[in-house]
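Protein chains in written order, with my numbering: chain A, 1 to 63; chain B, 1 to 193.
Hints listed in this document are in silico derivations from the structure and should not be mistaken for laboratory results.
The beta-carbon is built from N, C-alpha and C at its ideal position, and this holds for glycine as well.
Check each hint, because a few of them may be wrong.
[As the list claims (entries may be wrong)] In silico DSSO-like pairs for lysine-lysine, Cα to Cα no more than 27 Å straight-line: (1) A/K37 <-> B/K42; (2) B/K34 <-> A/K37; (3) B/K178 <-> A/K23; (4) B/K158 <-> A/K35; (5) A/K35 <-> B/K34; (6) B/K168 <-> A/K23; (7) B/K174 <-> A/K35; (8) A/K23 <-> B/K158; (9) A/K35 <-> B/K169; (10) B/K168 <-> A/K37; (11) A/K37 <-> B/K174; (12) B/K46 <-> A/K37.
[As the list claims (entries may be wrong)] Pulled from the structure, derived: some chain B residues nowhere near chain A, Cβ distances all over 12 Å: (13) R45; (14) A48; (15) F71; (16) D108; (17) K119; (18) L142; (19) V166; (20) N183.
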Amino acid sequence: MTNYIEAVFNSRGRLSQTDYAFKTVTLCNPIVAIKSKYSLDKFFFYIDSLNNISNMNYHTTQS
Amino acid sequence: MAKQNLNEDDKMSEQLSKIFIVDKSLGLAGCGLKTDLKIVVKRARKIAKNFSYIFGKQISARMLITELAYFFQEFTYSSSVRPFGLCVFIIGFANEGPDLFQLNPDGDVFYIKANIIGKKSNHGLNFLNKRWNKDIAYEETLFASFFSLNEATEGRLKYSDIELAVIKKDVNFKILNKKEIYNHIVNFELLQT
Chain A
1 MTNYIEAVFN SRGRLSQTDY AFKTVTLCNP IVAIKSKYSL DKFFFYIDSL NNISNMNYHT
61 TQS
Chain B
1 MAKQNLNEDD KMSEQLSKIF IVDKSLGLAG CGLKTDLKIV VKRARKIAKN FSYIFGKQIS
61 ARMLITELAY FFQEFTYSSS VRPFGLCVFI IGFANEGPDL FQLNPDGDVF YIKANIIGKK
121 SNHGLNFLNK RWNKDIAYEE TLFASFFSLN EATEGRLKYS DIELAVIKKD VNFKILNKKE
181 IYNHIVNFEL LQT
């Protein structure tokens, strides 16, 4: 979560076109993107998959 | 703000949305020149469609961002064109979990957990740095996003200006409508300001 935007000057001491593009972005309305915790879902997924495997074995032994 | 009317029909004009659906569980949000954003969205959808046509499954966020990064970088050295004035977030859901990427105008890709881009993003970023932790839950995520936007806009955040999109496991990328967003904001009592 660092600020990636930084000005880089070229050999003539001017901003490059990309830096102007960055500056354009900093003038526009902000957007937030956040990722929440996922490990709990992953855990449940793991349990589900185990159950599926055990069920599958059960059915195969029955047949 | 709590007493704002839900019917915003009296607004003179409405801006183009900044969040787009690329594929079922793949979304894109961009900050910058909106006309450039339309071109990028069109390109992203084309890449996703081509991939699903050839391989029969949806493209992952990681592959899509790689392709888009090449597209962006091409515009930094080609003659008679300029780089896109855009920063793009791409969000997707793979088997390992949610993927969130940031693409900068120079074609630089970052795998991020949380970030804010745009005007006065430093204020929002300070708030986000305090609130965010690796065990953040879904409701807290919404709370952090609303309040970091509020910080960035210096407390002048209107619910009618907010767009919200959510992606979950086994649920398609969904852009929430105004009523759903309003309900979320009421929960956080943000409107009392």
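Exercise for the section: Confirm or reject the statement that B/F71 sits farther than 12 Å, beta carbon to beta carbon, from all of chain A. Expected result: Non-interface label stands for B/F71: nearest chain A Cβ at 14 Å, farther than 12 Å.
Problem - Minimum Cβ-Cβ distance from B/V166 to chain A exceeds 12 Å - result: 10 Å, violated
Handout entry: Straight-line alpha-carbon gap A/K23 to B/K158, limit 27 Å
Key = Within the cut-off at roughly 25 Å; holds.
Problem - 27 Å Cα cutoff - pair B/K158, A/K35 - result: Given that 27 Å is the threshold and the Cα spacing comes to 23 Å, the pair holds.
Exercise for the section: Compare the distance between the alpha carbons of A/K35 and B/K34 with 27 Å, and conclude whether the hinted pair is satisfied. Expected result: 24 Å, holds
Problem - 12 Å Cβ clearance of B/K119 from chain A - result: Given a closest Cβ separation of 6 Å, the condition is violated.
Practice task
Could you let me know if the closest chain A CB is still more than 12 Å away from the CB of B/A48?
Solution key: 19 Å, holds
Practice task
Grab the minimum beta-carbon distance between B/N183 and chain A and tell me whether it stays above 12 Å.
Solution key: 19 Å, holds
Problem - Proposed proximity, A/K23 with B/K168 (alpha carbon, max 27 Å) - result: Answer violated: B/K168 to A/K23 is near 33 Å, above 27 Å.
Problem - Restraint status (C-alpha distance of A/K35 to B/K169 at most 27 Å) - result: 13 Å, holds
Problem - Closest CB of chain A to the CB of B/R45 still more than 12 Å away - result: 19 Å, holds
Handout entry: Status of B/L142, Cβ more than 12 Å from any chain A Cβ
Key = 8 Å, violated
The structure does not agree with the numbered hints 1, 2, 3, 6, 12, 16, 17, 18 and 19 stated previously, though it agrees with the rest.
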